[in-house]
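*Asks:* Residue numbers (this note's numbering), protein chains in the order written: chain A, -11 to 97; chain B, 1443 to 1560; chain C, 306 to 413.
Read the hints as simulated data drawn from the structure, not as lab findings. Fair warning: this is a prediction, and the values are worked out from it, not measured in the lab. Glycine included, each C-beta is placed from N, C-alpha and C at the ideal position. Please note: incorrect hints may appear among the correct ones.
Said to hold, decoys possible - Ranges between beta-carbon positions, derived for each pair:
id	chain 1	residue 1	chain 2	residue 2	range
1	C	A382	B	G1524	47 to 57 angstroms
2	B	G1481	C	A334	22 to 32 angstroms
3	B	E1462	A	Q59	37 to 47 angstroms
4	B	P1485	C	A334	30 to 40 angstroms
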Amino acid sequence: MGIQDMIEGKKQWRAHVARVKALPPDYRIVYQEMQKYFFKVGPIDLTDGTLLSGLVDFFEEGAAAGKGVLQLIGDDVAAFCDDLIKDSRTYAELYLESVSREAGAGGRS
Amino acid sequence: MNLWDTITGNDLTREWKAFEARAEALPEEHRAAWNEMFGHLFPYGDFTGRNLMPILDQALGLLELAAADGQGVHEVLGDDIGGFCAALAGEEGARSHRDRWREQVNRNVARKLGRLGG
Amino acid sequence: MDDLTEMLKGTLEGCVLEIIGGEETYGYAITRRLNELGFTDVVEGTVYTILLRLERNGFVRVAKRPSEMGPPRKFYALNEAGRAELATFWAKWEYMTSRIDKLKEGGR
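The task is simple: from the sequences and hints, build the whole structure.
*Replies:* What follows is the structure, given as structure tokens:
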């Protein structure tokens, strides 16, 4: 169970949240909106990969270089989000596949 | 918790219990929203509900994040919780919901950064 | 030139491969190089998403190196698969531009 493992009292997640908190306010705002968007869209990279931690790495670099967040990623934050998860399948897709597989197998066991 | 009664006793009880424990930890408003979302999502599940687990996990995670950020339910889910849940499950209208979420990201960023600059 | 975004979409990845193919480099330097070339709308975020994709597809070697300021920086270099991908990109590019030039010249 991905997100539960990720969030629930895990040391790594707490460390991650602390890193987000340490970002400049503009970065923090954008990070949080992006994170919420990812949780709605549900790419499996969210729990399988390094989507969020990689993003914080990237933001830390940008902040350290003294750039504003929109200067770094452009004004269209949503487009940046979609670019990041372009290749990732979503939980919804996996779910729909499981449903159609079942229908194909002649219904539930 | 009638909904939970429906499903206790199956082989997933332990995992369902974990959901329940997480929901208990939410603020009241968010917990109420979780119950509502659960009601909307549950019918999408198969007999055991196993295929629905990642989607429920995602929904609960979203509420947990919102609560942690001090964000109200309405701000995250909007007016149409049923439609929102259908979109989570990839049903019809998922595309238009995703468009709306996209607009929401940019609008929220613009508003919050604007407030910051002021 | 303004508003190249749509047209650049499919080719930017090839441009980034080419830049990395020259020498090991990092995201900001790649962005600056593209900006200097005249692609002024390209921001670091765009390059970041491309680098992620190249890394995921196994086209690059990545090394974290300490930087003078801030956190360590990720440096990218092409590996074998990346070189092959770059060659493919240029082959496709040749094909496409030769066709389009022909069209422009009124040939068929």
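*Asks:* If a hint holds in the structure, say so; if it does not, say that too.
*Replies:* Checked hints:
no.	hint	verdict
1	C/A382 x B/G1524: 47 to 57 angstroms	holds (50 angstroms)
2	B/G1481 x C/A334: 22 to 32 angstroms	violated (52 angstroms)
3	B/E1462 x A/Q59: 37 to 47 angstroms	holds (45 angstroms)
4	B/P1485 x C/A334: 30 to 40 angstroms	violated (53 angstroms)
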